[in-house]
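Chemist: Here's the letter readout for the chains.
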Amino acid sequence: MSDLVPGEPGAGGYRAAWHSGSDSAAVAEHVGFQYAGIGHQTGTAQAGLWLFLATELLFFGGLFLLYAVDFTRHPGGTLAASRETTLWIGALNSVILLCSSGAYTYGLGLARRGDNRGLFRMVLLTAALGTVFLLLKGYEWYDDIARHLFPGPTFALPAADGGALFWCFYFVATGLHGVHMIIGLVLLAWIGTGARKRRYSSAYYTPVEGVGLYWSFVDMVWITLFPCLYLVGR
Amino acid sequence: MIGLATASDGARETDWLLGSLVGASALVLALVMGLMFIYVIRYRHGSGLDRGSVAQKTWRIEVGWTAATLAVFFGLFIWGANLFIRINLPQDNPLTINVVGKQWMWKIEHPGGEKEINALHIPVGRNVQLLLTSEDVIHDFGLPAFRLKRDVLPGRLEAMWLHADKVGDYRVFCDQFCGTDHSAMIGTVTVMEPADYQAWLERNGASTSLVAAGQALFIRYGCAGCHQAGLSGGGGTVRAPSLNGLFGSPVPLADGTTVTADEKYIHDSILYPKLQVVASYDPVMPSFQSVIAEEDLVRIVAYIKSLDPHAFAAGDRPQ
Amino acid sequence: MSTTTERSLLTLQQRADSYLTDERTIWSWLLTTDHKRIALLYFASITAFFFLGGAAAAVMRLNLVTPEGLLVEHEMYNRLFTMHGVIMVWFFLVPAIPVTLGNFVTPLMLGARDLAFPRVNLTSWYLFIAGGVMALTGLAAGGVDTAWTFYTPLSTGYSHGWMMMVCLGIILSGYSSIATGLNFIVTIHRLRPPGMTWYRLPLFLWSLYATSVIYVLATPVLTMAMILLMFERFFHVGLFDPALGGDPVMFQHLFWFYSHPAVYIMILPGFGVVSEVITAFSRKGIFGYKFIAWSSVSIAVISFFVWGHHMFVAGTSIYSGIAFSLLSFMVSVPSAIKVFNWLATLHKGFIRFNAPMLYILGFIGLFTIGGLTGLFVASLGTDLHLHDTYFVVAHFHYIMVGAMVSAFFAGLHYWWPKITGKMYPEIWGQIAAATIFFGFNMTFAPQFILGYLGMPRRYASYDPGYQVLNVVSSLGAVVLAVAYLMPLIYLTWSLFAGKDAPSNPWEATGLEWQTQSPPRTENFAFTPVITGPPYNYPRPEQRQHV
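Residue numbers (the numbering used here), protein chains in the order written: chain A, 44 to 277; chain B, 638 to 956; chain C, 2 to 547.
Simulated from the structure, these hints should not be mistaken for laboratory data. Incorrect hints may have been included.
Dumping the calculated DSBU-like pairs for lysine-lysine here, alpha-carbon to alpha-carbon at most 35 Å [said to hold, decoys possible]:
{"no.": "1", "chain 1": "B", "residue 1": "694", "chain 2": "B", "residue 2": "901"}
{"no.": "2", "chain 1": "B", "residue 1": "942", "chain 2": "B", "residue 2": "694"}
{"no.": "3", "chain 1": "B", "residue 1": "803", "chain 2": "B", "residue 2": "911"}
{"no.": "4", "chain 1": "B", "residue 1": "694", "chain 2": "C", "residue 2": "291"}
{"no.": "5", "chain 1": "C", "residue 1": "423", "chain 2": "C", "residue 2": "500"}
{"no.": "6", "chain 1": "A", "residue 1": "180", "chain 2": "B", "residue 2": "911"}
Predicted model, so just to flag it, every value in this text is computed and none were measured.
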């Protein structure tokens, strides 16, 4: 029978199961009762987020695999089809997204120093840039569809060559990326609201970090998507 | 109760492997269940038996049974893989029969153009190559008596090799779910003595053979406009490879590799010409996907197969 | 062990204060973040889905009593087996043990007060329910007749029905799985008590960890497969239709990349339950702890590399067939090791035949048969004959139903006193275990023979020569149905009229038995410190008497 000894939380070098009592009252209200302290909770939240991002990697990974197979089977058609993408929008969007990530990271730094107002302004900037990205993307889709680039009976390019498969990949990948951006905007709104309520401090900024991780990931997906869609073939 | 016929050597070999698997499994099951029963009775609570001590160095036992399992499994894998490879090896001088599956029937066409629905007549003792394709969804041509099956895919030609050595009637099942009447997509393979098979062919003679029908289609679809076939064809402004003697010969491709022109190569070149472009030729051949039906493709391929390299007069040279 | 005073102290405590009685409003249940209540919410949902899927199977087996299949039309039969597959796979088997027993027991085994992310846990239940409702709506409204495998181009171009709805339901259930898996992985890493090293974890948690790794890494690929399927069905762009330049076999790759690891999701937690129950009812430590632990991990890893064995005749190359066949044989080795280790655990134990143990003994038999028959289909030469016949149906039902459901019932009966604070009637548990074992074999053993004889699967009608074996199988299904109803009845009865359970009715090791039955909401009054290995039963030579 494993011996049960009333133990000091944190004894034995392992994370104990709940409050060590060493957090300040303001912080303690944010700590769940299954955690030993704010540090334990933050570390666990980060672990969870990284694991979630791993699942997202496999999610987009399947799609990129489809692209890779298509490219290997029909190199000519894929290259020709990718030349029809609108490079200036893709490039501008990439810059916008990178700037938005930069803005958020700066905001995270402010949150770490307890500057809720500064964080709020940066979150606003990030959201604004993200919205511009989505608007440009929406216009780009409108233009693509008007040029008959959506695969189907009215498809402008020869279908069997791999052109249709490329444009399938284009719409599914940018569509899913867009959905992730919209979810990101909702998360930004949540952080912004919290910042307004002075919720974050130098001791507690876990959600800000978490959303930052997510936003950076969405950015990374775009960075990988951009060359596959716009640069290959040019 | 139904019994299972054995129509070929391959079937017999598969039965050997199956039987051995059953034997090995029975042994293992007897061992596991036997030990389990012995232990739970011997060592039940209240049996009063002196248990003595338990083994300390257990890793030797662990490694032992792991190694034994690995060895047995590896042996079984080799046996199965070897059988599989041999079953799929091309056989000499086959009788090639085309099978087209569609919801919910099998359409079979013999080289002489004889057609059947849901039935396949083949001669005993002869190598038979079935070329399978589908007109709509994925089906599966399953022959339990031969212990064989192969998925039948739309837009693709798959080959299945048979060598029946017993006369009789055997079942064909569709073995890939294909819609409402999947369970009605069944047929019969009739293996006959060669003389009977010939007689059957004569009784069911087609008006034109596959090859003749294929030649007509070759002209109708404009293939002759670019490709030389027999004494005619080609000679226009477009430079295209001659098809005389193409079947079975090596073809150098634009990407540097060389492939052998089999039925699949010919079939795919008509549907997806840009996939494998012949070296030194421009990729200008149009695709005939959705233009030529699978059944007509079968005839065109049969015609191209029949083209003899020596079927042109001394003065003509292939382009 | 407990004196009369202790026992009454505990029962007093029970009546006063447990997670069941703490709050009693409906909202305290529907908005709970308590892992124990969430486990019960899941348990109710899983049970409902199990009986729904089972009802579909019952109609199918009735229809198969006659060769012409006179009970239902072909179209209806096809919808029934699609419904049976979709419900049983995604809404019963994939979640079953982790979301019910896993949710309840994991923090208790860790001496923790809850999982790492309680709100994520509740969200996962709601995702599950939403997905289930969507899928059921689709299946019931127009029905889907593509089989649970949705092969293209049948599903994208030729079948009618509410496929999109069902696919969306499956996607939502997938996110529920991902959330659950994420929760377990992080909890096992971060919420272990002082002294609990990885090699002191109960084996149930090792198996849950391995299962969660598969949840988290395989399910996203299913989501992508479903999204692409819906995209193709809606827009007909040509992804999987060769007439438009696509490749139908590509769908099979994407689908089976998830669906093969998924079957290990189904069985790995069962392995964990076996280790817990077999030690408790042999009153003996597990033989080969490290081998059993690492065999779970290796199964999880290798499972990602065998998906092609579903496609040996699908038009993939001979080389791919050889590679996948070899790997499929390899993935069976760790499972075999587990069976040998469990047998060695029984050796020199002190066996009791309570219901959980009977279920586990049945598991060992049924799993061995299921696993061995897996070799028949892993072997290239024999799969050519057995693919898509009733042999495969029998093989996977032996594992998924015979083994896995036995393990589920074993765990349910084992932890029932802890979960409900009541004892189930032991004699009925034993009768049900025996009836399930008998009914199951009667239903599925004939199907091995049917498959060898060539009877294809997914056939609404069949050649008359197959009838005798089909009738035997259908009769077995009746016995099995009755057998499954038995626990439903006596377990429910025990909730109202069962004996009160002590905190450790089986005198087992494990932290979950060191707290009251049922537990308080916060599980433990203090953090335990672990100073020894799990399954620390006295060694046989240390016992004076039996």
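Chemist: Each of the hints needs a verdict: does it hold here or not?
Modeler: These are the hints, each one checked on the structure:
1. B:694 x B:901: Not OK: residue 694 of chain B and residue 901 of chain B at ~59 Å, beyond 35 Å, violated.
2. B:942 x B:694: violated (69 Å)
3. B:803 x B:911: Given that 35 Å is the threshold and the Cα spacing comes to 44 Å, the pair is violated.
4. B:694 x C:291: Between residue 694 of chain B and residue 291 of chain C the Cα gap is close to 13 Å, so the pair holds against 35 Å.
5. C:423 x C:500: Answer holds: residue 423 of chain C to residue 500 of chain C is near 6 Å, not above 35 Å.
6. A:180 x B:911: holds (33 Å)
Violation of the numbered hints given earlier is confined to hints 1, 2, 3; the remaining hints are satisfied by the structure.
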